[in-house]
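S.K.: Starting from the given sequences, assemble the full structure and let the hints guide the process.
Protein chains: 2
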Amino acid sequence: MNTNAFRKLSYGVYIVSAWDNGRATGCTANSAMQITSTPATIAVSINHNNYTNKCIQDSGRFAVSILSEQSDPSIIGTFGFQSGETVNKFDSVAYELKGYMPVVKDSCAYIVCEVIDKMETETHTVFLGKVVDADVLSDQDPMTYAYYHNVVKGKSPKNAPTYIPEAQESKATEKWVCGICGYVYEGDTPFEELPEDYTCPVCKQPKEIFVKK
Amino acid sequence: MNTNAFRKLSYGVYIVSAWDNGRATGCTANSAMQITSTPATIAVSINHNNYTNKCIQDSGRFAVSILSEQSDPSIIGTFGFQSGETVNKFDSVAYELKGYMPVVKDSCAYIVCEVIDKMETETHTVFLGKVVDADVLSDQDPMTYAYYHNVVKGKSPKNAPTYIPEAQESKATEKWVCGICGYVYEGDTPFEELPEDYTCPVCKQPKEIFVKK
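Chains as they are written, first to last, in the numbering used here: chain A, 1 to 213; chain B, 1001 to 1213.
Watch out, some of these pointers could steer you wrong.
To be verified - Listed below are the simulated DSSO-like cross-link pairs for lysine-lysine, each with C-alpha atoms no more than 27 Å apart in a straight line: (1) Lys204(A) / Lys1098(B); (2) Lys54(A) / Lys1098(B); (3) Lys1130(B) / Lys207(A); (4) Lys175(A) / Lys1118(B).
Said to hold, decoys possible - Covered stretches of chain A, going by a simulated chain B footprint (3 or more residues, C-beta under 8 Å): (5) 51-63; (6) 70-76; (7) 197-208.
Derived from the structure by calculation, the hints contain no laboratory data. Cβ coordinates follow ideal geometry from the N, Cα and C atoms, glycine included.
M.R.: Shown next, in the form of structure tokens:
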């Protein structure tokens, strides 16, 4: 597996913010996407280790501030490389209230959401938010992760899904191959001894379809 | 609420493919994002009405082909504006087997996933996939939705979360619109004066398909 393929996925650069018992906080995120149009919903993925995750769980609301290519790149560092538990990130970044939520002033649009569902993964929570307020703040182009990476020369914080550690794996292959999808059988039971109703786990075609290679 | 804010979210342009009982099929999607890095997982959002949704549910696997700026834009129309239930989309789009899945040849990277979780919304399923194979196919820049919209002048298919009904789009007085994919002709030559063999640059349908609006 070549994890560099993940770098070809396109993202924006966002500040996901929430209230922490009356104090505004937030974190940098790349993973936000619209899920449905009516009613409008947005999904964001936030690491369990991000203090913002806890704040969203507690308050049930989050705001996505969409940074533009002209946004001050230091905002990304302020929100991305330190914890909102110990630092008042909004002390150095101006915000205004939109849909009752703190939104970064220096952004080109914002979307305020009410959490209506979530999905847990090993390291991140995917929050599904129903949009309760949204507006465009400027006609500047949104900053893409590629722009940030290539132009601003940013780096992913460790908690980001886009973070890539050094190690990569490879795998070995063997003999019986599905004639439709090319799936290679690698089970412990010899292929010949598999039951006659065995089917390809990928394309569901019957055992006869397999060829020895 | 100003839904134009949603247009400031950044996306790529992807073909999400699956096996349909031994037949390769798929659909165009914008909504794909990495959720975790170890183990690597990817979320994609697919409309309930897309036949590909059923195929992913049945087979438990999907592939994401990441289109590049150089990819033939007609691929987007082929996979985005017709149903895989009735059309063999891969008949006109070359694919190769990667991780036992059909992957669009004319793309810059692919990611193959095994479904490990999902979240239902009113119109879309968010599939969470564990990455089982991934690779970079070319060093071309990935196509972003903004590039597609601004350069290729594409439009969202109706099933896409990024779809915005006609009423909210900025309106010109009179325009020629492709009856299949909704592409709006904006060339300098008056539409009537275009050669008879003119075809829609997105879905490749003939001139007669265009309607005046």
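S.K.: Hints first: check each against the structure and report whether it holds.
M.R.: A quick look at each hint next to the structure:
| no. | hint | in the structure |
| --- | --- | --- |
| 1 | Lys204(A) / Lys1098(B) | 17 Å, holds |
| 2 | Lys54(A) / Lys1098(B) | 39 Å, violated |
| 3 | Lys1130(B) / Lys207(A) | 26 Å, holds |
| 4 | Lys175(A) / Lys1118(B) | 33 Å, violated |
| 5 | 51-63 | violated (count 0) |
| 6 | 70-76 | violated (count 0) |
| 7 | 197-208 | holds (count 4) |
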